[in-house]
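Peer 1: Chains A and B are the protein sequences, given in the same order. The first sequence begins at 135 in my numbering and counts up by one. The second sequence begins at 295 in my numbering and counts up by one.
Treat each hint with caution, since some may be false.
Said to hold, decoys possible - Only part of the chain A face toward chain B is listed, based on derived beta-carbon distances under 10 angstroms: (1) Tyr228; (2) Trp229; (3) Phe422; (4) Met426; (5) Tyr430; (6) Asn432.
In case anyone wonders, no lab produced these hints; they're calculated from the structure. Note that this is a predicted model, so its numbers are computed, not measured. All residues carry an ideal CB built from backbone N, CA and C; glycine is no exception.
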Amino acid sequence: MSNMLKKSNSLLWLLDPVQSTAESAEDAYRFSGSARSWMLPAGIGAAALIMTLVSWVTDPPRFYISYLIGWTFCLSLTVGGLFFVIIQHLTKAYWSVVIRRISEALIWSFPLLAVLSIPILLGMHDLYHWTHLELYDPSSEAFDPILAGKQSYLNTPFFLARFAAYFLIWSYMAHRLYTLSIRQDVDPDPSIPAQQRKVSAWGLAVTAVTTSFASFDILMSLDPHWFSTIFGVYFFAGSFLSIMAFTVLIALTLRRKGMLKDAITLEHYQDLGKFMFGFIVFWAYIAFSQYMIIWYANIPEETMFYRHRFEHGWGLYSAVLLIGHFVIPFFALISRPAKRTLSVLGFMSVWVLCIHWFDFFWIAMPTQAEHAGFHLVDFTAFIGLFGILVAAVMYRLSRHSLVPNNDPQLSESLHFTNT
Amino acid sequence: MLQKLISEIKVTMGIFECDVDNTYAILAEFADPGALYHAALDVREEGYRKFDTYSPFPIHGMDGAMGLGNSKIGFFTLGGGFMGLALGTWLQWWTGAIDYPINISGKPYFAIEPSIPVMFELTILFAALATVAGMLVMNGLPRPYNPLFYSKNFQRATDDGFFLAVAANDGKFSLKATESFLKSVGATHIEVIKDHGSAE
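Looking at chain A on its own, in the form it has when it is part of the complex (with noise of 0.2 angstroms):
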């Protein structure tokens, strides 16, 4: 690392691993907002965490679903951070560099992740039916021979070694990442983009990877019963989603507090309104895809997914995700009017990020939870947990400038225009 880049203090480096640069910013991309900008997610989230932990101890299985709901909720939403930060430098992407710091300061998030994981990890025996040891004793009653088949691959010790690599993996590349660009920020080095790069081309297959097994390891284990190879195309349309709006929502706090107003141009916000409505289409596709193959076959393993869904009040569920989160935002920002319109992309932006929510709710839920129906925790553990996310990401773009100073290609991401 650069002598001019110094690291934090190891209390802080969770939160940013690297010494402020913000003094060194030019005046335009400095922040100015004041402390509050993340004290107050920060605020709100530690209350609404403090309310779920509560939970905790009254409803210890309603607790732990809600928890890993909004816990993937944000790891989903940092894993899409990741992957568009790679995909930038891979595409040596112009028109990105001005946004691209606020992905760069949410792919730190991992270690903050995996400290609010610790909750998941103490609950998984009621989360994850397949750690009940009596399932693979073929004298027990509850003896499973379908997992008993399993139970190579779903064993605790790997469970949690795997979930163990998949942080150590993002951090690294988030810390490369992160460090390589705030270090441009003081330091013009001219090799730093081919860095940046090489670690993307290797990053880019490491985490889709990752990503895939990650989903199956959280999200599909919860039913060990039932399997979907599309399963990890599916989490990763539903994270790259929702990065775009939390992109947009994010430059749009900034803008009303009179930063970086020059440098995001509706220009930009068109383009994060055209991927937004891209993966709305995408993850309708995978969605669709995932359900007409397993409509197709009629296997009893895999229809009980959607059988189960179907029934118990989750039909009315099952038909909220798809008119929300296909049906609603399709037509909403189809035209190009309404891309260019901060104030309708701000509000989609909004639904996009709930209704992401509420696709890991209809994926989890039903797992734990006969009968539908909402739990004040689920949302507490979600603000919580999200207040928490979004305090950290201000608080590293208040500690750094606002975009990658010194990237080559700023001044063309600056003068970007749609054609």
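Position chain B against the provided structure of chain A, taking the given hints into account.
Peer 2: Just chain B now, kept in the frame of chain A:
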């Protein structure tokens, strides 16, 4: 009334009518795409409405300079899409449930789930075909007979010539004034095109 409407529609396709003495248009040549672009701006500003430009390749911003506005092609696409959707739905239902019902592992003869790919693909296919067809119609293509072809020079519009034609039946058209105006905006070569209905 109908004839007037048809002639108006033809103008949007770049097809003009001759005036009384068979004059079709004044064809002006320009040196480069930039000159043609600025000439189009000037011609429009001067008040001409029936004119068209010809170049070997698309010139960025020319539609704006000519005041063409947004293309209506999207309506062709939308109509084609709906037609394809209707056809796909009907095809799946009629072949599966009416004309040749076969019981395949107890599945319904017609169900929406496996029909969606067919409905989707036909929507896209018809939307794409309608877009191409609509593009041809709205451009008045194919157009094997165009009085401008009488000009030898005009052949270069497919190679290295940049042309602007002002129609003789434009309200503002007058042989002398239009000619001198086109010269004043930078035309390098001016030609009056007469349509005799046959090559001489």
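Peer 1: Now look at each hint and say whether the structure bears it out.
Peer 2: Against the structure, the hints:
Against a cut-off of 10 angstroms between C-beta atoms, the interface hint on A:Tyr228 is violated, since the closest Cβ of chain B lies about 19 angstroms away. Proximity of A:Trp229 to chain B is violated relative to the hint, the smallest CB-CB distance being about 18 angstroms (cut-off 10 angstroms). Contact between A:Phe422 and chain B, as hinted, is supported at the beta carbon level, the nearest pair being about 7 angstroms apart and thus within 10 angstroms. The interface hint given for A:Met426 is met, as the beta carbon of that residue sits about 6 angstroms from the closest beta carbon of chain B, less than 10 angstroms.
With a cut of 10 angstroms, the hint placing A:Tyr430 at the interface with chain B holds, because the nearest CB-to-CB distance is about 6 angstroms. For A:Asn432, the shortest C-beta to C-beta distance to chain B is roughly 7 angstroms, which falls under 10 angstroms, so the interface hint holds.
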